[in-house]
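Visitor: For reference, the chains in residue letters:
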Amino acid sequence: MKKYSNVIAAYSIMLILIILVGIFQSWSIALSIFNYCMISAVMTMGANIQWGYAGLINFGIMGYTALGGLAVVLVSVAPVPEAWRVGGLNMMTCLAIIIGMIFSIKYILKKIQKSKKRNYLIAAIIFIGLILIKLISGPAIENIEAVEPAKFGFLGGLGMPVLFSWIVGGFFAAGLAYIVGKVALGLRADYLAIATLLIAEIVVSIIKHEDWLARGVKNVIGLKRPAPYEIDLQTSPWFINLVEKFHSTKLAALNSLSEKQELLNQLVIDASSIYVKLCFAGLFLIVVVILLIITQKALYSPWGRMMRAIRDNEEAASAMGKNIVKQHLFIFILGSAIVGIAGAMMVTNDGLFTPGSYRPMRYTFVIWVMVIVGGTGNNFGAILGGFVVWFLWVQAAPMALFFINLFTAHLPETNELRIHLIESAPYFRFLLVGIGLLLIMRFRPQGILPEKIIKQ
Amino acid sequence: MESINAIIVLLNYTVLPALTYGSQLALGAIFVTLIYGILRFANFATGDMMSFGTMFAVLLTYYLQSKGVSFGFLPTALLTIPFAVAMMIFYMLLIDKTVFSYYRIKKSPPVQLAMVSLGVMFVTQAIIRIIIGPSDRRFLDGEKFILKASEFKEMTGLSEGLTIKSTQVITLVVTVVVVSIMFWFLNKTKTGTSMRAYSDNEDLALLSGIDPKKVVMITWIIAGVLATIGGILYGLDKSYRPFVYFNNMLPIFAAAIVGGIGNPYGAFFGGYVIAFAEIFLTYAYKRFFVYLLPESLEPNSLMQLLSTDYKFAISFSILVVVLLFRPSGIFEGKKI
Numbered sequence: 493m494k495k496y497s498n499v500i501a502a503y504s505i506m507l508i509l510i511i512l513v514g515i516f517q518s519w520s521i522a523l524s525i526f527n528y529c530m531i532s533a534v535m536t537m538g539a540n541i542q543w544g545y546a547g548l549i550n551f552g553i554m555g556y557t558a559l560g561g562l563a564v565v566l567v568s569v570a571p572v573p574e575a576w577r578v579g580g581l582n583m584m585t586c587l588a589i590i591i592g593m594i595f596s597i598k599y600i601l602k603k604i605q606k607s608k609k610r611n612y613l614i615a616a617i618i619f620i621g622l623i624l625i626k627l628i629s630g631p632a633i634e635n636i637e638a639v640e641p642a643k644f645g646f647l648g649g650l651g652m653p654v655l656f657s658w659i660v661g662g663f664f665a666a667g668l669a670y671i672v673g674k675v676a677l678g679l680r681a682d683y684l685a686i687a688t689l690l691i692a693e694i695v696v697s698i699i700k701h702e703d704w705l706a707r708g709v710k711n712v713i714g715l716k717r718p719a720p721y722e723i724d725l726q727t728s729p730w731f732i733n734l735v736e737k738f739h740s741t742k743l744a745a746l747n748s749l750s751e752k753q754e755l756l757n758q759l760v761i762d763a764s765s766i767y768v769k770l771c772f773a774g775l776f777l778i779v780v781v782i783l784l785i786i787t788q789k790a791l792y793s794p795w796g797r798m799m800r801a802i803r804d805n806e807e808a809a810s811a812m813g814k815n816i817v818k819q820h821l822f823i824f825i826l827g828s829a830i831v832g833i834a835g836a837m838m839v840t841n842d843g844l845f846t847p848g849s850y851r852p853m854r855y856t857f858v859i860w861v862m863v864i865v866g867g868t869g870n871n872f873g874a875i876l877g878g879f880v881v882w883f884l885w886v887q888a889a890p891m892a893l894f895f896i897n898l899f900t901a902h903l904p905e906t907n908e909l910r911i912h913l914i915e916s917a918p919y920f921r922f923l924l925v926g927i928g929l930l931l932i933m934r935f936r937p938q939g940i941l942p943e944k945i946i947k948q
Numbered sequence: 002m003e004s005i006n007a008i009i010v011l012l013n014y015t016v017l018p019a020l021t022y023g024s025q026l027a028l029g030a031i032f033v034t035l036i037y038g039i040l041r042f043a044n045f046a047t048g049d050m051m052s053f054g055t056m057f058a059v060l061l062t063y064y065l066q067s068k069g070v071s072f073g074f075l076p077t078a079l080l081t082i083p084f085a086v087a088m089m090i091f092y093m094l095l096i097d098k099t100v101f102s103y104y105r106i107k108k109s110p111p112v113q114l115a116m117v118s119l120g121v122m123f124v125t126q127a128i129i130r131i132i133i134g135p136s137d138r139r140f141l142d143g144e145k146f147i148l149k150a151s152e153f154k155e156m157t158g159l160s161e162g163l164t165i166k167s168t169q170v171i172t173l174v175v176t177v178v179v180v181s182i183m184f185w186f187l188n189k190t191k192t193g194t195s196m197r198a199y200s201d202n203e204d205l206a207l208l209s210g211i212d213p214k215k216v217v218m219i220t221w222i223i224a225g226v227l228a229t230i231g232g233i234l235y236g237l238d239k240s241y242r243p244f245v246y247f248n249n250m251l252p253i254f255a256a257a258i259v260g261g262i263g264n265p266y267g268a269f270f271g272g273y274v275i276a277f278a279e280i281f282l283t284y285a286y287k288r289f290f291v292y293l294l295p296e297s298l299e300p301n302s303l304m305q306l307l308s309t310d311y312k313f314a315i316s317f318s319i320l321v322v323v324l325l326f327r328p329s330g331i332f333e334g335k336k337i
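The listed protein sequences correspond, in order, to chains A and B.
Residues in the first sequence are numbered from 493 upward in steps of one, following this note's numbering.
Residues in the second sequence are numbered from 2 upward in steps of one, following this note's numbering.
Warning: the hint list may mix true and false statements.
Claimed, not checked - Once the Cα atoms are required to be at most 25 Å apart in a straight line, the calculated DSS-like pairs of lysine-lysine come out as: (1) B:Lys312 - A:Lys700; (2) A:Lys710 - B:Lys312; (3) B:Lys312 - A:Lys742; (4) B:Lys107 - A:Lys626; (5) A:Lys944 - B:Lys312.
Because the hints were derived from the structure by calculation, they are not lab data.
Isolated chain A, as found in the complex (with noise of 0.2 Å):
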């Protein structure tokens, strides 16, 4: 118990912080702010996998958290049947085109010795494949766009339950960890920031402006969910009876039927959201705890041992047989498919899906200083740093406004000065967490909550 005792005292300072926001702001910003925070503790999971574990720098979040929310939208979407009449055949050709590159590429690097001549002939498919990709794709796409653009203009999903994307985004994830693997693992470590962080770029540009696979930028919008909607429950009699029951005292001081009758409509209307973000917290705290003892479990084991070999003395631990090349590929997968599941989760939640916000700052920056400040290597430090450097990122401009107000009180309302503060309190978020990064890297490098390493 003794042990833990750091980790239990962070972690209940930060649920009376978000109390305390339920309390001041409303329950509502509250359970919003928790299930944000939760879904940043699995992004932060993912990250912390292959920082924390095993030293390896991944600036891509971006994409796979991109590539996660694309499986929301591709598994659970009804598919659109005018579209795939129009278009899918050819779209579905030029999927077999890339496959068959794909495996005739190996073969050739198989069967033939490295020479010039293999060069040649691979430049050769790939250019012939993508010009047919083009001549094949081009009117496809054009027919597919142009079925009720407002609405679809693209092949749509598989109508599937939307908690089986969550899985889905997972592979989507580890499928580009692969490759991304494959092509960068090699690199030094800034280098490898660098492409991660350029990789995911392409990947977001890509689903950004392929129009025909989730409309682009002009999103997807009503998603389904793994919870029910606020309308059905303001209209369904067991969770009226429930809320009346809940609030029988407040009810009960009001006298006239009608008075009676509006503030139970009002308290249906904020319980039935509260009540659907409590579901959602549900089920992002299943699976933050079901990742938690898988990670904690994993890192205690030889595996994880092995890992922590690797990360701190390559040298050696090629020395003593470990694959390097093989568990580098590894953890990038896993960790990055962690990611893609938090990516599907938050388009879950939010309930729509916009390639256009998908910026390095938000989803790569923010996401690794919540890795740094909580603690690299400790999975419970992981999850603590995802829930105070969310909980900043969205309290700053409140806490800004407040301390504007304070000092510039004495100034009159109409100071140019004063003004211009208060416009400009939004961005007093960056100035927080980067002072905060700064601050955790100067005198606490290892984070709030450092690794701790158990002698067998």
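With chain A held as given, fit chain B onto it using these hints.
Guide: Positioned in the frame of chain A, the structure of chain B alone reads:
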């Protein structure tokens, strides 16, 4: 005649813009590469530092404009360069003193310094947005065109016009001047040689009596000059918007790595490689072929290899290819 028209089309829509954009990228890439070569870390605050310097140029330009000062047919912003550079250098030295020097003295691994530069990136971005706000700003004044399309047509009698924007010429001239002074400084002066020595082998350089503090300071000063001028040129040519500057970090990094990070010549060259690739691969060649081919062969599609949406993706793909086949860049990296 037709073939001359075709060449003019290419010049007007691809070569000139690519040269301009390439120069702007090249300045940024040399900045990245100098920091990487001498201070030994990947500076993720690159884009925001360029933005920071440009911000002062924008503010001072507005101030001068309100006072009625102008620079004739040249943009007023050129007058503000010394002031903006001075502010930038001051900021960089301040950041170095308060943040980076601690890790340098401790000999932290480069990765840790890169992480610290993330913190600097956040803080710089916050300061910029609090001071000037996130909106799009244009601060170009003076003569917009050196050669207008209509004038060119009158002059030559061709059906295709050539437009030369003043910002394009200014960018090219300023880049050539700044870069040649910098290379002269690095290669011919004693301080420049000591910087190169420090970059090659730190311990040996210290043994031969090179003052590391001086080297670091000069590096930041050169970096400040390059970052600010690169930022101002980009802002004059397009417009100033903090978010765009932050994003420009990505092609700049690509340029630096493609050229071989740590090598200023490589970075200079890499800037143009990235810019030319971006523009040549996304340009719609229809008009070019209309002039060249007989009427019966005229293309009916746009003849565009990739849609302009993929501009950024192209430079990154080049980077991935270079990393795959020549991880140290086109020129050998890590040499100054």
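Visitor: Does each hint hold? Answer for all of them.
Guide: Verification of the hints:
1. B:Lys312 - A:Lys700: Status holds; Cα separation ~13 Å.
2. A:Lys710 - B:Lys312: Status holds; Cα separation ~19 Å.
3. B:Lys312 - A:Lys742: violated (60 Å)
4. B:Lys107 - A:Lys626: violated (54 Å)
5. A:Lys944 - B:Lys312: With Cα atoms ~45 Å apart, Lys944 of chain A and Lys312 of chain B exceed 25 Å; violated.
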